[in-house]
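Those protein sequence lines, which keep their order, are chains G and U.
Take any residue in the first sequence, note its place counting from 1, add 139, and you have its number in this note's numbering.
Take any residue in the second sequence, note its place counting from 1, add 144, and you have its number in this note's numbering.
Wrong hints could be hidden among the right ones.
[To be verified] Label-pair ranges, simulated between beta-carbon atoms:
| hint | chain 1 | residue 1 | chain 2 | residue 2 | range |
| --- | --- | --- | --- | --- | --- |
| 1 | U | Ala223 | G | Pro199 | 54 to 64 Å |
| 2 | U | Asp330 | G | Pro199 | 45 to 55 Å |
| 3 | U | Ala321 | G | Pro151 | 35 to 45 Å |
[Said to hold, decoys possible] Just a sample of chain G residues kept apart from chain U, beta carbon distances all over 10 Å, derived:
| hint | residue |
| --- | --- |
| 4 | Glu262 |
| 5 | Glu275 |
| 6 | Asp281 |
| 7 | Val304 |
| 8 | Asp380 |
| 9 | Ala402 |
| 10 | Ala518 |
Please keep in mind that the hints were generated in silico from the structure rather than gathered at the bench.
All C-beta atoms in this analysis are idealised placements derived from N, C-alpha and C, irrespective of residue type, glycine included.
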Amino acid sequence: MSAYLDHAATTPVLPEAVAAMTDQLLRVGNASSLHASGRDARRVVEEARETIAAAVGCRPGEVVFTSGGTEADNLAVKGLWWARHDEDPRRRRILVSAIEHHAVLDAAHWLAEHEGAEVVLLEVDGEGRLDLAAFETALADDVALVSVMWANNEVGTLQPVEEVVALAHAHGVPVHTDAVQAVGQVPVDVGATGVDALTLTGHKLGGPCGVGALVVRRELPLTALQHGGGQERDVRSGTLDVPAIAAFATAVELAVGRREKYAARVGALRDDLVRRVVEVVPSAVVNGSTEHRLPGNAHLSFPGCEGDSLLMLLDAQGVECSTGSACSAGVPQASHVLLAMGCGDDHARSSLRFSLGHSSTPADVDAVVAAIGAAYERARRAGVVAGLSA
Amino acid sequence: MRVVAAMSGGVDSAVAAARAKAAGHDVTGVHLALSRNPQSYRSGARGCCTIEDSNDARRAADVIGIPFYVWDLSDRFHADVVEDFLDEYAAGRTPNPCLRCNEKIKFAAVLDRALALGFDAVVTGHYARLVDGALHRAVDPGKDQSYVLGVLDAAQLASTVLPLGDTRKVDVRQEAAERGLATVADKPDSHDICFISDGDTGGWLGEKLAERELAHAGAIVDRDGTELGRHDGSYRFTVGQRKGLRIGTPAPDGRPRYVLDIEPVSGTVTVGPREALDVTRLDAVRPRWCGPQRTEPFEAGVQLRAHGAEHRAVVTPGDGWRVDLLEPASGIAPGQAVVAYDGDRVVGSATITATS
Chain G
140 MSAYLDHAAT TPVLPEAVAA MTDQLLRVGN ASSLHASGRD ARRVVEEARE TIAAAVGCRP
200 GEVVFTSGGT EADNLAVKGL WWARHDEDPR RRRILVSAIE HHAVLDAAHW LAEHEGAEVV
260 LLEVDGEGRL DLAAFETALA DDVALVSVMW ANNEVGTLQP VEEVVALAHA HGVPVHTDAV
320 QAVGQVPVDV GATGVDALTL TGHKLGGPCG VGALVVRREL PLTALQHGGG QERDVRSGTL
380 DVPAIAAFAT AVELAVGRRE KYAARVGALR DDLVRRVVEV VPSAVVNGST EHRLPGNAHL
440 SFPGCEGDSL LMLLDAQGVE CSTGSACSAG VPQASHVLLA MGCGDDHARS SLRFSLGHSS
500 TPADVDAVVA AIGAAYERAR RAGVVAGLSA
Chain U
145 MRVVAAMSGG VDSAVAAARA KAAGHDVTGV HLALSRNPQS YRSGARGCCT IEDSNDARRA
205 ADVIGIPFYV WDLSDRFHAD VVEDFLDEYA AGRTPNPCLR CNEKIKFAAV LDRALALGFD
265 AVVTGHYARL VDGALHRAVD PGKDQSYVLG VLDAAQLAST VLPLGDTRKV DVRQEAAERG
325 LATVADKPDS HDICFISDGD TGGWLGEKLA ERELAHAGAI VDRDGTELGR HDGSYRFTVG
385 QRKGLRIGTP APDGRPRYVL DIEPVSGTVT VGPREALDVT RLDAVRPRWC GPQRTEPFEA
445 GVQLRAHGAE HRAVVTPGDG WRVDLLEPAS GIAPGQAVVA YDGDRVVGSA TITATS
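Looking at chain U on its own, in the form it has when it is part of the complex (with noise of 0.2 Å):
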């Protein structure tokens, strides 16, 4: 086949474009400029978005010894991916920005691009693997990205290689450095927001939301609606969020208090018990099927955040899905995505917008 591999310049892309080019296939090392000021988005070795990661991924393609481009998605990424998430945000809600990316960018506007230009696939180098057209978790369940990919159909799954699902992250690191790849085989994980250059997500935000007037400066209530504080935006809270509540007054029974709920146009917060955080039952919207579509209720595992534990649920499709949890789960932020799995095999996905 002939492939574009996705080159962030990292140690797994680069991996995974080797490992391309070493099973037979016609490789083109691309790398994805994402920002429109590079200098912008993150700086130093962790990130996607530098000069230096670039050149990280050129020096790559040229020891693999493919030829390498840089494709500039820098418009449609801040359309879809950062606007996006900010508008999430303003709404109350806790996005994910990487499952937006995959389905906006990499595994559309990426592909869509590359099969335009006569290639048949993508390659990049998540961790999860591909059996028979179905995507599936990876084998290092600390890496496992599947998550992140539960956002994609059937088409696009068809058109996508990823080499490293079978492969534990530590001996992608080795296979790196003995390939000769020995710019990246040392670099760390990233793990944070690629376009949030020092990782300080609150800032970024309050910065960016002030800038649009959504902040949504409010009140801190308690379930009976007691005003217990006051906050400068509603954005800095996450469902099930403990820590940075800053709250004068110690509640009644003198137990720690977790977000509730937000409610973005007036800004109020609400602050309760941990068990009120409990939920047996999300809503979620835009479902997307890896696999053919599901038109009658299926009990399924349901990854509710990345890297997050596995619920036993049911899903009853619809317009959206109701997800109805065997047992309570705790700390559901909406604007997460409800990944469901049959065993290793990812089901679908959809956009939780409210849970009871």
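Next comes chain G alone, as it looks inside the complex (with noise of 0.2 Å):
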């Protein structure tokens, strides 16, 4: 049996969840269409809406239904860079992290490089915390948005979102978050904090993959990217994945309501993993911060190994975990993540993450303990084998 630490990757699907689209997958209907099968379903994508507004805080109405987080970052992304560069063209800077996951850094690099823009990337602290005092210099009436991700996906960071939601508003910018890690996991408000544009995501919090959410505020003007039907708002088009809505609706409704609980009880299986395996280890750093984290994520360096032999390791043992990094063609690549923290490469080389979520037991984090010794013995001799700094 394997101990799955993976589940900031994708997280098993609720029982609920998949009760809610297997009941709709034996149903007809378009919610696009006039008769009553066609209501029927426009109904379960309307109810979907309001539960998921009611979740993160927003009105039904800027709920958008889309394929997932990277359709979702890039819609907020492209969509609002052309409606305010349109609308004012010497707005044409995008303020972002350099923390933010590829769906939102790729498309700010894409828009620098095919459509004029200027990307700025965000300085963080060692911490991976966004730096408020460097954001709020690189603001001005020429941002044509801002997007800061709510938590980082490879080091756990909460980012603080309200501040630099004011901050951009006493300019006029709009901000864009990408919640697709936080939603579940730490309480997330669209209303609270003023965010105008928010990304979740099915399949990282119980629902299936290949639906998720443009939270965007109704009179922010936003260019379509996909054309056709008009579907969401004539911003998103595509026929609407009615059994994937239901469910997703479902999950986010559960993980909302659970999180309380799931939190403490997770952020405590997340603590004993860590102090554990720094018992064994006790050269390994925790990366990111004590404080401004999410609750199921550890992510630790082995000074001396690379984290892809841990991994291989680990898994032959049948615990599964992340080395975090980007590997578009299989190649690993030092995180851009941990390079922007002030990472040496060596450093961010060698480091794992293991993210817990709702199945998550205690025997997992001993199966991590029980295998992590000899791992690391292991992948210290191939790292000085290959010359690695300790």
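Can you join these two chains into the complex? Each is in its own frame, and there are hints to help.
Right, dumping it as structure tokens:
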């Protein structure tokens, strides 16, 4: 039996979400059709919209369903840039944190390459938290948008979203936040923080893959990326995936409803994991923030080892985790997040992410602790062969 | 044994991994990422360095039922193979990067890492046989790759598994299809240099050496030193080359001319008649012994280029090798390896530095 510690990559679908999905899969009806079956499908979609809106503190009309987090991030970054740049061509700059997911970073860089945007990478401190002073300096009227994630997917650091919004709004600049790692983990309230656009996705909180949403204020101009039937407020076309949307909403409601108990339980498991791993490997270093952190995230560097070696050795023992590195061609690269936090290349390559979730148990932590010592020793030997610095 | 199967994404390494699994070994598939920028090395289905190849290797591992990982050896490969390849051309020699890769990457960096991680050996899809720890030619003479493995020492060979040496290539393809390895069964063989994406070695060398100011433009002269023409880079020439010399004036006797010598720093390329290419003596450095080191002169069959013919010779070992050919051989390029055979068994190898 394997110990699954990669919930930040994807987490098991909740049984209630499976039930909601399979229930809808057995029905027919296009949510845009005008007959009874169509109206039934539409009703499921609109109830899902209301459920999600209630869970994240926005109005139902602000929820735009997408195919997931990547599409929602692209829609936010490109859609806002085009709309704001069209309104005023002097708005060319995009302010994004240096530790964003590639769905935001690469979308912004694409705009720079093809549309004349200018990308400003906002610095973070050693814990991966946005440097607010530097951010404030970078703000001006020529900023088209700001995108700062709610919680980082690799090191789990929470960002000061409220402060970001306050500073940006002082310049009349809208703020997008990628909250795919945060919803169901920490309190996320669109209305209370005042963010203008927020990304969430199904498969990070117990829903299925392939469905997500961009919450976006109605009065905010947004250019469509995907054209066709105009199903979602004319900014996102495509026949709505009713079963997936039903399951997504079910999962959001449950994850947000159970969040407090969940965070206490999983946070305690995570603390236990970190404490015991460091007991076995005293040279291990925890990356990220202690105070501002996702409850399920443990991110450690093992000096002198390559994370890839550790991952393989742990995998062979049934312990599944992640190096948290971008791996487009299967070519592991040092994490841009850790590099932005000021880590050296070897330190960045020596890291592992253990991410816990709703199905995690003390036995999972025991499995990590039981396997990490031998894996570390072997990976350390391989690191010496490869000439890694300890 | 616990073994690492190096999987390029091609048919040979996939079948080698499958055979290792069938033989009862605990196999882990590993694809070596050798390019810093995967798009910049070979594209298409022929090579070993693309995203598609990595995906093909992963799919083959799925079918075989073994775990699969990508190991990033790009920095080592660049430093030890690509830069060395350029340095050798800049020095007027004609290197074989596959030997270099085997010596420095596959059976060094990869093997060392595997052993440190608790594996016992590395499995590859090379066509060669290991008989009681000694390296032998493959049974398929058209595919035999013992020449490019002639740089491995006994310790490296002791941790190497070569499952394909007893099989003919056509049967390996058949076996791949039977094992359900459809994605790799029909892939064309790779022949060219994996890090030169379009196969245009001259163009690639020209670009890279020009960046380093090592292209060495110079004169083309005959054996008397008379200038016959100019060229824009000595890397374009290999000893024994006849085509592409672009000399305006024909030879006085009207016979074709061949590259006889390349002087790297001045860029001077000497050309002459075919018989001037004949050599009977080679000097070679960096001897590598695939089995016990020899100290006395010995007679052997020597192969002087990949897929080249075998020549009878007497090898006199010292710091390097002196190789006296019993019959003259033609067009021997410095930088290539001389690999010595005792029957089918590989005795060792050395890198040719001079001929006469």
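To see whether the hints hold, each was checked on the structure:
{"no.": "1", "hint": "U:Ala223 to G:Pro199: 54 to 64 Å", "result": "holds (58 Å)"}
{"no.": "2", "hint": "U:Asp330 to G:Pro199: 45 to 55 Å", "result": "holds (54 Å)"}
{"no.": "3", "hint": "U:Ala321 to G:Pro151: 35 to 45 Å", "result": "holds (37 Å)"}
{"no.": "4", "hint": "Glu262", "result": "holds (26 Å)"}
{"no.": "5", "hint": "Glu275", "result": "holds (37 Å)"}
{"no.": "6", "hint": "Asp281", "result": "holds (33 Å)"}
{"no.": "7", "hint": "Val304", "result": "holds (38 Å)"}
{"no.": "8", "hint": "Asp380", "result": "holds (27 Å)"}
{"no.": "9", "hint": "Ala402", "result": "holds (33 Å)"}
{"no.": "10", "hint": "Ala518", "result": "violated (7 Å)"}
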